[in-house]
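Can you make the complete structure from the sequences, with help from the hints?
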Amino acid sequence: MEKRVMLKGCVGCKACEMACSLHHTDAFSFRNSSIDIQWEKEGYSIAFKSPMTCDTCEGEGENNYQCVRYCYRAKDALKAFILNTEEGGEA
Amino acid sequence: MNMGTILRVNLTTGKMTRESADRYEKWIGGIGVAQQILYDEVKPWMSAFDPGNRFIVATGAMTGMLCPGSGRIAAVTKSPMTTGIASGNAGGLFAPKMIYAGFEYIVFEGRSRKPVYLYLKNGEAKLLSADEISGKTVGESVDYFEEKHGRQVSSMCIGPAGENLVRYACVTIDRFRVIGKCGFGAVMGSKNLKAIVADGSEGSVKPADPYGLKRKLDDIYDRIDSNANYKHLMDYGTLCHIPGKYLTAGFSFRHGQDLNIPKEMADAYDPDNIVNTYRVHQSSCGGCFVGCQNHHRIQTGEYAGKVVGGAPFNSVLNFGTKLDITNYGYCVEATWLCNDLGMDMDAVAEILGWVMECYEKGMITSDQIDGMDIPFGEQKQSLELIKMIGYRQGVGDILAEGVARAASAFAKETEYYGNHLKGNDLYEIIRPLIGYGFGAAVSTRGGSHVLGSPVCESSKFNEAEREMALKKFKVNTFNDPLAYDGKPEIVTYYESLTRACSSMGLCIFVSDWQQIHMLDHQDLADLLKYSVGLEISADELRERMMAVLNLEKMFNYCHAGFTREDDMPRERLFKEKVPTGPAKGTVLDYDKWNAMLDHYYDIHGWDTKTGIPKPETLHKLGLDDLIPDLMQPAQVPGHSFIHEDLVTNKK
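Listed in order, the protein sequences are those of chains A and B. According to the numbering used here, the stretch in the first sequence is residues 5 to 95, in order. According to the numbering used here, the stretch in the second sequence is residues 973 to 1623, in order.
No lab work stands behind these hints, which were simulated from the structure alone. Ideal placement from N, C-alpha and C gives every residue a C-beta, glycine not left out. Any given hint might turn out to be false.
Once the Cα atoms are required to be at most 30 Å apart in a straight line, the calculated DSSO-like pairs of lysine-lysine come out as [as the list claims (entries may be wrong)]:
1) A:K45 <-> B:K1352
2) B:K1278 <-> A:K7
3) B:K1501 <-> A:K79
4) B:K1086 <-> A:K53
5) B:K1098 <-> B:K1188
6) A:K53 <-> B:K998
7) B:K1186 <-> A:K83
8) B:K1188 <-> B:K1547
9) B:K1108 <-> A:K45
10) B:K1278 <-> B:K1432
11) A:K79 <-> B:K1186
12) B:K1108 <-> A:K53
13) A:K83 <-> B:K1547
14) B:K1188 <-> A:K79
15) A:K7 <-> B:K1501
16) B:K987 <-> B:K1086
17) B:K1547 <-> B:K1564
18) A:K12 <-> B:K1278
Example chain B residues on the side facing chain A (calculated, C-beta under 8 Å, incomplete) [as the list claims (entries may be wrong)]:
19) P1179
20) S1256
21) T1535
22) G1557
Residues from chain B that face chain A, not an exhaustive set, calculated with beta carbons under 7 Å [stated by the list, open to error]:
23) K1178
24) H1253
25) G1263
Encoded structure:
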């Protein structure tokens, strides 16, 4: 069962999903994003998709975490989410 | 560029076919493509509710791509309100989901015998029965779609108002986003088409130059980040305009009888107040981080309970100042009702305001409105009246026709008080904002400030901004709201810029219409290069968008018989001076307006007497196919519902 976390400041634009997909496939989609944003009536939640495909944007050089780069409204919360799970901690 | 796929849906036969959109390449995307199809296929003798009318949904060149402003979906049809062209767009997540589902354009024709909705996923399109949601509100219908197809779908849906052919019924996207104005919902209702549902979980869109696009995006992100004024929009949504509008007479008070509101009202609607007290979260359109839609919950009192998205600046003007009601809860409730029943709130507010004004003046009596008592400030009964309009009950059945038509059912003197342009109920204020008002008056869809009106007139640009503006407009009256000079030039600039945004599926809020340093024609041309590989200069882009405008003008001439007199505001705006406040004494001047209109037609290459494009102008814009239509008189005088003496200014 995916673990969903409320993402503070998120406005549900899915720019992060699009950026993630672009990193993986050179094309924009929701399908090829490693993360999923969902509306929860009082805000937006995020979860990694299963199976896990996030590679922390290896190969993007100093432009790591493309989702964080193109997020504006929830940048800090998103970065914390990505990092926490990467380190294996509680999101 | 690859223009993608047109899905053709014949609702009469249930058959669907696909074709390439490549032959419409010169229009780039969005409304240009849709309007060409409409012009070619809908005959002037067809009414908006004829099966032969087309309802066209159009993505833009950048739809499905990450970009500030991305996420807009456009619709085009023949308007039940004006009998001319109807175009509109809205946000939410429908646009990327439709394109990921595999479709760039959808053209509906005919009429289904039973209620249906179109379901799109992974390159497949199905017409499914809408029996279970027939008569249901937008909210109930979206609940149904999400349960049946999953929460990942987006919908473009009509409510009872559209099904009942309320003339200004709208289409609601994702519960709280609206393609308003012009009556799109009624056209869908006339076709028994309840909704389009798009599942975008499978497909993708490939940019031509991902690296170039990302560098351009970085630049745009920086521009937004470095501008404090722009952050205002992000912090408050369009509520950010409220304090400024209070200081510059930007509110319609008591149905426009004044443009100045009491201080207590301004304080009650202060954006900080609203946001801190009621806001739950913000939302954005697909691919755009600006996030200018607020979601509010009223916690106490009669309007307490639900979380409602929307209720932006327009709600405060429409249901607050225009009706003299100082209660944001009422504004939220009325907005929600309009979205859920599926009606354009600008039109609803106009007809309510008109009823209230005429009622107070004794021209409309209680027995004419089902025994109701509706002076300005009346909340409960006006909400009741909104429902009656949505369901066409009682006097709601007449009011559902819009103020131009409804007036003919009451005392003749009520006609003078209805605010409309080209038969479309009017939201815009005109007297103290000449450019803004002029853009609305000449707008091909009958009012509306998003297809040419500037919004910079009541701003005070700094030195750098003034320089930018001078370079763009080549006139210097951009911060002078009462000036008539220079306004045709500014409106012309925005006529092409707003259409360029629409053709790309981008929102005008990220253009220099919103903030002078934001995206201009060159920026859009750059984005076209990186996104779809189209090499086009800024000048050529402007010219193509002028061609879109001329196509609209010709459609209006052939279908509605609109000429110069339809670009004039109504008589009361030339007669009644603003009584109080910052714009005290302002009133429109016939001579100045006519001179401004002459000049506007000149710079467009249109006949000064009629306002119709000249043959050489159509030729210059590559529209030779339309020249024969000039040679005949307008085939159908579509706006005969506007009485002879309502068409203002025979001077």
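Going through the hints against the structure:
1. A:K45 <-> B:K1352: The given pair, whose Cα atoms are some 27 Å apart, holds under the 30 Å limit.
2. B:K1278 <-> A:K7: holds, 27 Å
3. B:K1501 <-> A:K79: holds, 28 Å
4. B:K1086 <-> A:K53: violated, 40 Å
5. B:K1098 <-> B:K1188: Distance of about 38 Å is beyond 30 Å: violated.
6. A:K53 <-> B:K998: Violated, at about 40 Å.
7. B:K1186 <-> A:K83: holds, 20 Å
8. B:K1188 <-> B:K1547: violated, 50 Å
9. B:K1108 <-> A:K45: Within the cut-off at roughly 21 Å; holds.
10. B:K1278 <-> B:K1432: violated, 39 Å
11. A:K79 <-> B:K1186: It holds: about 17 Å lies between the C-alpha atoms, which stays within 30 Å.
12. B:K1108 <-> A:K53: Roughly 34 Å separates the two Cα atoms, so the pair is violated.
13. A:K83 <-> B:K1547: Not OK: A:K83 and B:K1547 at ~59 Å, beyond 30 Å, violated.
14. B:K1188 <-> A:K79: holds, 20 Å
15. A:K7 <-> B:K1501: violated, 40 Å
16. B:K987 <-> B:K1086: Status holds; Cα separation ~14 Å.
17. B:K1547 <-> B:K1564: holds, 14 Å
18. A:K12 <-> B:K1278: holds, 21 Å
19. P1179: holds, 7 Å
20. S1256: holds, 4 Å
21. T1535: At 43 Å from the nearest chain A Cβ, B:T1535 fails the 8 Å test, so the hint is violated.
22. G1557: Violated. Min distance 43 Å.
23. K1178: Holds - the Cβ of B:K1178 comes within 7 Å of chain A, reaching about 4 Å at its closest.
24. H1253: Since the shortest Cβ distance to chain A is 4 Å, the answer is holds.
25. G1263: B:G1263 check passes; min Cβ-Cβ to chain A is 3 Å, inside 7 Å.
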